[in-house]
Amino acid sequence: IQELKDKKVAIWGLGSEGLSTLKVIRKRFQALPITLLNDKELTKEMTMMLSHDPFLEILAGDKVKDSLENFDVIIKSPGISSYRDEITKAKEKGVHFTSSTKLWFAQHENDKTICVTGTKGKSTTSSLITHLLRSANKRVTLGGNFGTPMLDMLEVEPRPDFWVIEMSSYQISDFTESPYIALLLNLFPEHLDWHKSVENYYNDKLNIFANQKDGQKAIINRQDPNTAAFIDKIKNPVYFNDETGFHVKNGDIYKGEEKIFSGSDVPIPGKHNLSNICAALTVVEQAGVDYKRCIDSIKTFKGLPHRLYPWGKKDGITFIDDSISTTPQSAIAAIETYTDQEITILLGGFDRGLNIDDLAKYVVNNNIHAVITMPDNGDRINLAIKAELAQSKSSLQLFEAESLEEAVKKAKEITNPGGIVLLS
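Using my numbering, the first residue of the sequence shown is number 796, and each one after it goes up by one.
Calculated pairs, SDA-like style, for lysine to any residue (alpha carbon to alpha carbon, straight line, at most 25 angstroms): (1) Lys-1054 to Tyr-1034; (2) Lys-1008 to Glu-1080; (3) Lys-1207 to Phe-1114; (4) Lys-1205 to Ala-1185; (5) Lys-888 to Asn-995; (6) Lys-1097 to Asp-1135; (7) Lys-1156 to Tyr-1133; (8) Lys-1044 to Lys-1066; (9) Lys-1012 to Lys-1028; (10) Lys-860 to Ile-820.
Keep in mind the hints are simulated off the structure, nothing from the lab.
Kindly produce the complete structure, drawing on both the sequences and the hints.
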């Protein structure tokens, strides 16, 4: 951060990370001219909030694209794709792009950082790792993509024994740091609008391991087929979901041949969460902590909102909120949790352009009671399911709704007492 002095600096993106970055720089350089870049025009409230700083310039909307080459350093927020053409051109002109993540790591090179990524499960697993380590009397700070912005953790005192940092593919795409422990849970296609291709997305995720040094740990999922294709690129990997380590067998958690935790005692539903527990226990062990000191605390882990969260029960119908699911694979994982009950599924949301054929096949061929689709991508999901139904003898009921409110109303009408309504 000290190297920003006497540089022409811009902060690009005024979400929580961008504002956190501004606050930290201002604390060190009260009179450093800083330009704030934002792709959308600022609200009146945001403009008013920033107007008290006489050393700020604001460029918004169409002005941003043509201004990038005017700066020495641009601190870019994660949501802004590194694959944008104007960024490539600015780099060719010598503009240095960095991020709050990189600035934070520069100040914590020798700390014990546990970085967690994966297409799905990273928030739950990061929280679980924190929960387990704290139950073993370790000081732990949790932040990153989920929770506290990176630079808000810059001056935490006393320094924790471990930092647990959830990292998105956006944060990792230009990651050059070397975490003490790096964990990759799984890989499915996602965020293709940002990464431009599946290949870019996978390679950006794997970048979390690229600069690790001797003695640092790379932990990967032995049973994830997409991750398995890249094992040769990872130095000395440590596996979870491997029969020699922590893995799931007959619905319980095993370490090698020994059953160490009963699946019936796991407080968060879903087979995928058993896998997340195996990942978390592997991290704990690789961090030098005896897993036996903290394994019982799994029973007190409460999980996170919008992740198979029991919203409530009315007229004998249980409503489950899994709205954090944004991929077909995560929706399938949620549905698998309840296939022994009558289930009505509400599907829809922002269209990320992902292939939904596997999801359509799954709901048609797995004795699902009903599917209700909603905007934005409800039409596409509905058509894919209809195509599968045309080749099947399934009794699945399929409906379209124009809103979430309409979908919930329909679900109440068609779901019998004792059934599940799942928003995923």
